[in-house]
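Participant: What the sequence shown shows, in the numbering used here, is residues 26 to 958, in sequence order.
Hints in this document: simulated from the structure, not taken from any laboratory.
A virtual CB, placed ideally from N, CA and C, is assigned to each residue, including glycine.
A portion of the hints provided could be inaccurate.
[To be verified] Calculated lysine-lysine pairs in the PhoX-like style (CA-CA distance at most 25 Å, straight line):
{"hint": "1", "residue 1": "Lys779", "residue 2": "Lys667"}
{"hint": "2", "residue 1": "Lys667", "residue 2": "Lys630"}
{"hint": "3", "residue 1": "Lys930", "residue 2": "Lys866"}
{"hint": "4", "residue 1": "Lys840", "residue 2": "Lys521"}
{"hint": "5", "residue 1": "Lys937", "residue 2": "Lys922"}
{"hint": "6", "residue 1": "Lys866", "residue 2": "Lys922"}
{"hint": "7", "residue 1": "Lys677", "residue 2": "Lys667"}
{"hint": "8", "residue 1": "Lys779", "residue 2": "Lys840"}
{"hint": "9", "residue 1": "Lys631", "residue 2": "Lys220"}
{"hint": "10", "residue 1": "Lys922", "residue 2": "Lys630"}
{"hint": "11", "residue 1": "Lys252", "residue 2": "Lys220"}
{"hint": "12", "residue 1": "Lys631", "residue 2": "Lys667"}
[To be verified] Per label pair, the in silico range of CB-to-CB distance:
{"hint": "13", "residue 1": "Glu305", "residue 2": "Asn649", "range": "39 to 47 Å"}
{"hint": "14", "residue 1": "Lys922", "residue 2": "Glu729", "range": "37 to 45 Å"}
{"hint": "15", "residue 1": "Ile660", "residue 2": "Gly629", "range": "17 to 25 Å"}
{"hint": "16", "residue 1": "Lys59", "residue 2": "Ser243", "range": "43 to 51 Å"}
{"hint": "17", "residue 1": "Pro584", "residue 2": "Ile131", "range": "44 to 52 Å"}
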Amino acid sequence: MNAVEIESAVSDLAAQPFDAAEFPYAFLAAFGNKETTLKRLRTGNNNTSDVPGGVLLRNNIHIAVCDAGTVGNMLHTLRDSPATAKAKAKFILATDGQTLEAEELISGETIACAFEDFPNHFGFLLPLAGISTIKEIKDNPIDVRATGRLNKLYVELLRENPDWAKEERRSDMNHFMARLVFCFFAEDTDIFNGKGLFTQTVDQMSASDGSNTHEVLSQIFRAMNIKVAERANAEPRLPNWANGFPYVNGGLFSGSTEVPRFTRMARTYLMHAGALSWREINPDIFGSMIQAVADDDERGALGMHYTSVPNILKVLNPLFLDDLRTALADAGDNERKLLNLRKRMARIRVFDPACGSGNFLVIAYKQMREIEAEINRRRDELHLRSEIPLTNFRGIELRDFPAEIARLALIIAEFQCDVLYRGQKDALAEFLPLDAQNWIVCGNALRLDWLSICPPSGTGVKVAGDDLFNVPLDQAEINFENDGGETYICGNPPYKGSQAQSAEQKEDLKLVFNLCQKRWPSLDYIAGWFLKAALHMSLSNGKAAFVSTNSISQGEQVPLLWPLLLEPGNSIDFCHTSFSWSNLASKNAGVTVVVIGFSGRNGGKKRIYETDDRGEVTVREVTNISPYLVAGESIIVSAVAKQPSDRWLMLKGNQPTDGGHLCLTPDERHTLISQFPEASPYVMRYVGSQELIRGEQRYCIWVEDENRAHAEGLAPLADRFRRVAETRAASVAPSTRPFAAFPHRFRQIQAVGKWTTIAIPSVSSERRPYLPVDLLGARTIVSNLAFALYDAPLWNLSLIASRLHLVWVGTVCGKMKTDFRYSNTLGWNTFPVPLLTEQNKTDLTRCAEDILLAREAHFPATIADLYDPETMPDNLRHAHERNDEVLERIYIGRRFKNDTERLEKLFELYTKMTAADKEKPAAKATRGRKKTV
Numbered sequence: 026m027n028a029v030e031i032e033s034a035v036s037d038l039a040a041q042p043f044d045a046a047e048f049p050y051a052f053l054a055a056f057g058n059k060e061t062t063l064k065r066l067r068t069g070n071n072n073t074s075d076v077p078g079g080v081l082l083r084n085n086i087h088i089a090v091c092d093a094g095t096v097g098n099m100l101h102t103l104r105d106s107p108a109t110a111k112a113k114a115k116f117i118l119a120t121d122g123q124t125l126e127a128e129e130l131i132s133g134e135t136i137a138c139a140f141e142d143f144p145n146h147f148g149f150l151l152p153l154a155g156i157s158t159i160k161e162i163k164d165n166p167i168d169v170r171a172t173g174r175l176n177k178l179y180v181e182l183l184r185e186n187p188d189w190a191k192e193e194r195r196s197d198m199n200h201f202m203a204r205l206v207f208c209f210f211a212e213d214t215d216i217f218n219g220k221g222l223f224t225q226t227v228d229q230m231s232a233s234d235g236s237n238t239h240e241v242l243s244q245i246f247r248a249m250n251i252k253v254a255e256r257a258n259a260e261p262r263l264p265n266w267a268n269g270f271p272y273v274n275g276g277l278f279s280g281s282t283e284v285p286r287f288t289r290m291a292r293t294y295l296m297h298a299g300a301l302s303w304r305e306i307n308p309d310i311f312g313s314m315i316q317a318v319a320d321d322d323e324r325g326a327l328g329m330h331y332t333s334v335p336n337i338l339k340v341l342n343p344l345f346l347d348d349l350r351t352a353l354a355d356a357g358d359n360e361r362k363l364l365n366l367r368k369r370m371a372r373i374r375v376f377d378p379a380c381g382s383g384n385f386l387v388i389a390y391k392q393m394r395e396i397e398a399e400i401n402r403r404r405d406e407l408h409l410r411s412e413i414p415l416t417n418f419r420g421i422e423l424r425d426f427p428a429e430i431a432r433l434a435l436i437i438a439e440f441q442c443d444v445l446y447r448g449q450k451d452a453l454a455e456f457l458p459l460d461a462q463n464w465i466v467c468g469n470a471l472r473l474d475w476l477s478i479c480p481p482s483g484t485g486v487k488v489a490g491d492d493l494f495n496v497p498l499d500q501a502e503i504n505f506e507n508d509g510g511e512t513y514i515c516g517n518p519p520y521k522g523s524q525a526q527s528a529e530q531k532e533d534l535k536l537v538f539n540l541c542q543k544r545w546p547s548l549d550y551i552a553g554w555f556l557k558a559a560l561h562m563s564l565s566n567g568k569a570a571f572v573s574t575n576s577i578s579q580g581e582q583v584p585l586l587w588p589l590l591l592e593p594g595n596s597i598d599f600c601h602t603s604f605s606w607s608n609l610a611s612k613n614a615g616v617t618v619v620v621i622g623f624s625g626r627n628g629g630k631k632r633i634y635e636t637d638d639r640g641e642v643t644v645r646e647v648t649n650i651s652p653y654l655v656a657g658e659s660i661i662v663s664a665v666a667k668q669p670s671d672r673w674l675m676l677k678g679n680q681p682t683d684g685g686h687l688c689l690t691p692d693e694r695h696t697l698i699s700q701f702p703e704a705s706p707y708v709m710r711y712v713g714s715q716e717l718i719r720g721e722q723r724y725c726i727w728v729e730d731e732n733r734a735h736a737e738g739l740a741p742l743a744d745r746f747r748r749v750a751e752t753r754a755a756s757v758a759p760s761t762r763p764f765a766a767f768p769h770r771f772r773q774i775q776a777v778g779k780w781t782t783i784a785i786p787s788v789s790s791e792r793r794p795y796l797p798v799d800l801l802g803a804r805t806i807v808s809n810l811a812f813a814l815y816d817a818p819l820w821n822l823s824l825i826a827s828r829l830h831l832v833w834v835g836t837v838c839g840k841m842k843t844d845f846r847y848s849n850t851l852g853w854n855t856f857p858v859p860l861l862t863e864q865n866k867t868d869l870t871r872c873a874e875d876i877l878l879a880r881e882a883h884f885p886a887t888i889a890d891l892y893d894p895e896t897m898p899d900n901l902r903h904a905h906e907r908n909d910e911v912l913e914r915i916y917i918g919r920r921f922k923n924d925t926e927r928l929e930k931l932f933e934l935y936t937k938m939t940a941a942d943k944e945k946p947a948a949k950a951t952r953g954r955k956k957t958v
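Let's have the full structure, built from the sequences with the hints guiding it.
Facilitator: Dropping the structure here:
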């Protein structure tokens with residue numbers, strides 16, 4: 026269940042007659058617990074409560090219904106209950122049907138309210154459904170409740186008006202919903218004369234069955250598009266009851282005032298939405314949530330799309346807000362400095378080219394208004410109207426409904442700030458009529474000219490738009506009210522890996538990169554925003570900061586993208602290293618992201634922000650930040666085909682290209698050898714990623730040239746060779762067809778271990794604290810889904826199994842989805858290793874042996890079993906920690922403090938290593954065998 030569904034279920038529960046016996050189970054059902062779970066609790070099988078009448082769900086909540094007037098005592102009993110502690114309950118809750126009290130045991134935070142009011146605190150209880158929440162929603166759930174009410178209305182209206190659900194009319198539907206949002210807010214904030222004017226008018230003038238609700242709404246909307254002085258002559262004549270609504274204009278109610286037809290249920294949903302307290306709405310939160318209402322694909326995630334203010338400020342603060350606050354502190358009470366700062370802020374442009382419902386723009390506006398208010402307070406000018414215009418906050422959004430909500434969110438934010446800093450009277454006096462200028466463009470950001478939407482200084486002339494929602498793309502004509510200021514580009518553009526992009530998105534990237542990067546198809550979708558920002562900044566002298574998946578600073582993305590971004594003299598000003606950007610989805614850990622701020626201002630200190638496991642952020646000042654988001658030179662790691670001479674040769678495994686005919690399941694192997702024992706020498710263990718990690722058993726046919734004739738004399742093998750030949754002969758790849766003449770052999774043979782093989786999967790989960798690597802015996806063939814070192818000294822395994830190697834591979838090799846993607850040329854050959862003495866190698870060999878012995882103690886557990894971070898055996902963890910300690914002391918004489926320090930040292934060594942390689946002739950590689958056809 027999502028947050029909106031839970032709020033609805035909790036509200037329904039509170040509205041029903043209280044049933045003491047049933048309440049605990051109904052409460053748990055409202056938070057998404059399955060009927061099978063409830064059934065076990067009812068029968069007592071899983072209910073371990075030691076409180077009379079109590080219900081205890083392990084790792085969740087201990088609930089008890091008590092006698093009237095004893096709620097406080099019962100909560101104390103639940104808190105002291107041994108069963109509460111033993112079951113690791115997160116919450117306790119007591120109620121008598123009249124009052125309700127609950128406590129979050131970890132934080133000690135409590136709620137106490139009348140029973141019928143407990144839905145107002147549902148945000149406090151959201152962790153019961155595995156949903157992480159934020160203070161704004163925990164304290165005031167109005168945004169989630171409003172989203173839920175409007176979603177019910179939206180779905181019901183589309184059901185009754187199927188034509189409005191079609192593509193050609195969906196924008197009309199979205200426009201109608203935006204008008205409703207404005208009306209609900211306006212009637213609760215005195216923008217309309219008298220509280221509840223809109224909802225009460227609809228209630229009084231429309232039939233209860235909803236049959237004429239559309240006509241009433243249409244007349245209200247029409248009234249707000251006609252000036253009061255012109256209404257007497259309006260044709261057709263306005264009804265008297267509509268004259269109470271003010272003239273709003275601004276294009277919000279211009280054009281068609283057609284309204285979809287209502288049913289009785291739709292009218293009820295409208296009334297329920299109007300009954301909420303819209304005065305308390307948070308435009309940044311509500312806008313993010315409601316954008317899913319109009320998206321059929323996202324409606325299942327309703328109420329989850331919220332980016333918290335702290336996360337948004339990780340972008341905006343270091344981008345420009347911190348600088349404004351520093352300037353405010355430096356100004357003190359100096360009136361001239363304060364005035365100059367206010368004038369500077371009035372010229373700042375904030376541009377979000379993937380603005381969604383406008384939450385970055387709204388937060389930027391509200392934060393700037395707070396600073397401006399403090400300036401006015403120090404200058405004793407609190408009465409002054411804000412000099413920060415909404416037209417300086419510009420955005421691009423692909424979908425029309427979020428774009429409309431973004432405009433409304435900024436309008437609402439402006440009014441709320443006016444009320445907060447200047448008072449209700451002044452805010453109301455200047456709010457209406459709305460400005461008709463349209464500063465949010467609906468379109469494809471990668472196909473639009475950003476300079477026309479957010480032009481550099483001195484471009485365009487100021488004109489009024491015809492419609493707040495129907496957007497003229499020539500935005501330069503709506504000029505900034507205060508020209509000549511700074512430009513800050515920010516936002517959270519869409520993430521799409523190269524394999525997940527649609528054909529249209531591929532075409533978007535082609536338009537952006539085709540002239541400057543031939544390998545653009547391999548780029549992440551978000552790379553388009555980075556390059557367009559860099560191009561914009563080259564003409565506007567601005568700064569940019571984006572939230573991105575951390576892949577943008579890893580693997581092949583770095584050499585493909587970052588030379589283009591840094592080439593014009595740009596540099597990374599600040600970054601937030603990897604952290605979880607979570608939403609309100611149940612049990613959603615969020616996507617791992619980074620924040621990267623960059624500009625053409627190459628000098629000055631750079632800042633690296635890091636979030637630890639407790640969520641605390643530390644900041645370091647450095648002289649330069651590399652594209653890998655570590656302190657150091659802006660060096661880019663490129664693949665090296667020939668490995669250094671200080672380590673063993675690593676090769677990709679052997680590729681069959683056989684249509685599966687040279688591979689055997691365990692049953693096929695058993696049948697073959699049982700019927701033809703002489704085939705046994707030709708059957709080898711076959712190991713790829715899954716076989717290494719999960720212990721799966723697979724085999725292959727492996728025949729050397731000198732044994733071909735004998736093998737072809739065995740009927741089952743001859744049949745397999747025939748099918749391999751047919752498969753290769755029919756291949757679409759011309760290079761494969763000649764190998765039909767050698768059907769007994771793999772298509773690409775790299776090497777085979779005579780005694781041992783150290784094998785590494787090509788793809789493995791990022792959850793593991795170490796890369797999976799194993800030592801295989803003789804008669805084992807490594808597939809092309811793994812890499813191998815054949816007959817290598819064991820100290821090489823120690824290097825691969827280290828934390829140092831994992832963080833290097835995770836950074837320079839990148840990932841496939843969220844999994845580590847290994848590469849011998851990019852991960853192994855580039856891995857910086859200090860000069861190892863023979864004693865070093867002996868010590869590392871012992872560490873590798875200890876790791877293998879620790880695993881052996883848990884036979885037959887697989888690598889997947891052993892390296893689960895939650896259940897990794899202590900002896901194995903200690904063996905790895907010992908390996909890390911021995912290796913890291915070779916690097917710096919002590920253990921590294923964290924992965925950041927590891928990376929910075931590795932890049933320092935890599936810089937020296939590559940510089941030295943340029944000065945000397947190529948060294949001869951360590952001996953290794955390679956076999957080719």
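Participant: Keeping to a limit of 25 Å between CA atoms, is the pair of Lys922 and Lys630 held or broken?
Facilitator: The given pair, whose Cα atoms are some 23 Å apart, holds under the 25 Å limit.
Participant: Between Ile660 and Gly629, does the C-beta distance stay in 17 to 25 Å?
Facilitator: Holds - the Cβ-Cβ distance for Ile660 and Gly629, about 20 Å, lies within 17 to 25 Å.
Participant: For a C-alpha distance cap of 25 Å, please report whether Lys930 and Lys866 respect it.
Facilitator: Answer holds: Lys930 to Lys866 is near 21 Å, not above 25 Å.
Participant: What's the verdict on Lys631 and Lys220, does the C-alpha distance respect the 25 Å limit or exceed it?
Facilitator: Cα-Cα ~51 Å, so violated.
Participant: Tell me if the beta carbons of Lys59 and Ser243 are separated by a distance inside 43 to 51 Å.
Facilitator: Once the Cβ atoms are compared, 45 Å apart, the range 43 to 51 Å for Ser243 and Lys59 holds.
Participant: Taking the beta carbons of Lys922 and Glu729, is their distance inside 37 to 45 Å?
Facilitator: Because 52 Å falls outside the window, the suggested range is violated.
Participant: Holds or violated: are the alpha carbons of Lys779 and Lys840 at most 25 Å from each other?
Facilitator: Given pair Lys779, Lys840 is violated - Cα atoms ~32 Å apart, limit 25 Å.
Participant: If you draw a straight line from the CA of Lys937 to the CA of Lys922, is it 25 Å or shorter?
Facilitator: With a Cα-Cα distance of about 22 Å, the restraint between Lys937 and Lys922 holds, given a limit of 25 Å.
Participant: Lys677 and Lys667: Cα distance at most 25 Å?
Facilitator: Measuring from Cα to Cα gives roughly 13 Å; hence the hint holds.
Participant: Assuming the hint says 39 to 47 Å, is it satisfied by the Cβ distance from Glu305 to Asn649 or not?
Facilitator: holds, 46 Å
Participant: Are Lys779 and Lys667 close enough, with their CA atoms no more than 25 Å apart?
Facilitator: It holds: about 23 Å lies between the C-alpha atoms, which stays within 25 Å.
Participant: Below or equal to 25 Å on CA atoms is what counts here, so check Lys840 against Lys521.
Facilitator: Judged against 25 Å, a Cα distance of about 13 Å means the pair holds.
Hint violations for this structure: numbers 2, 8, 9, 12, 14, all remaining hints satisfied.
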